[in-house]
Amino acid sequence: MPNSTKKTTLENENTASAEPTPILIKKYPNRRLYNTSTSTYIVLDDVIELINSDTPFIIQDKKTGDDITRSILNQIIFEKEVKPKNYHFSLEVQKQLINMYSDTCSHMVPDYLTESMRLFQTEKNKMTEAWGDAINKNTQVAMEFGQNIARQNIEFFNQSLQIFNHKTTEDTETTEATGSNTTVDLEKKLANMQAELEVLQGQLKSLKSTK
Numbered sequence: 001m002p003n004s005t006k007k008t009t010l011e012n013e014n015t016a017s018a019e020p021t022p023i024l025i026k027k028y029p030n031r032r033l034y035n036t037s038t039s040t041y042i043v044l045d046d047v048i049e050l051i052n053s054d055t056p057f058i059i060q061d062k063k064t065g066d067d068i069t070r071s072i073l074n075q076i077i078f079e080k081e082v083k084p085k086n087y088h089f090s091l092e093v094q095k096q097l098i099n100m101y102s103d104t105c106s107h108m109v110p111d112y113l114t115e116s117m118r119l120f121q122t123e124k125n126k127m128t129e130a131w132g133d134a135i136n137k138n139t140q141v142a143m144e145f146g147q148n149i150a151r152q153n154i155e156f157f158n159q160s161l162q163i164f165n166h167k168t169t170e171d172t173e174t175t176e177a178t179g180s181n182t183t184v185d186l187e188k189k190l191a192n193m194q195a196e197l198e199v200l201q202g203q204l205k206s207l208k209s210t211k
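Note that the UniProt record's numbering has the sequence shown beginning at 1, numbered continuously upward.
Since the hints were made in silico from the structure, they are not lab data.
Incorrect hints may appear among the rest.
Here are the computed lysine to aspartate or glutamate pairs in the EDC-like style, where the Cα-Cα straight-line distance is at most 20 Å [claimed, not checked]:
1) K124 with D54
2) K27 with D46
3) K26 with D46
Modelling step: build the complete structure from the supplied sequences, incorporating the hints.
Following this line, the structure appears as structure tokens:
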């Protein structure tokens, strides 16, 4: 029983540590690439997506069964490098790489380049993370600044509204007072005119009586 348990544990550890099975891509004589995991034909851009997603794959010649992954990746690099202003290998680097094929230390180049790219990728990830943190901090500062501005605008609006309402009340009271005074003045004028009219009427009656 203990041996059985130990065997099961080892099998589980091996399963957990095993790398995912690479996707098999077959290249047909008509140069088309066939993804056997999705049963679909793909193009080089799809291969690039697999690389970007860190998905393991193998490209195999359908007719011969040879592993042609390296030649397909070289084709992708070639198509990228020939585009204007899109290359990674300067002429000097290309010359040095070609020269290293005949150098006695050429066997060291693959490991050196692999380690260099690994270190570069690590530093790139650190820079990306630092840049993301900086953007998040700046975004937070910008949000707080915007909130402060909005709060100040609301306070200013409320203060302006209070001042406007106060002024409107004063104007209304002034208008009402002015209107009241105007009415009194008109009433006085009408009374005076009525009195004058009565005086004239009295004078006319006196003249008629005299005649």
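So, going through the hints one by one against the coordinates:
no.: 1; hint: K124 with D54; in the structure: holds (16 Å)
no.: 2; hint: K27 with D46; in the structure: holds (14 Å)
no.: 3; hint: K26 with D46; in the structure: holds (13 Å)
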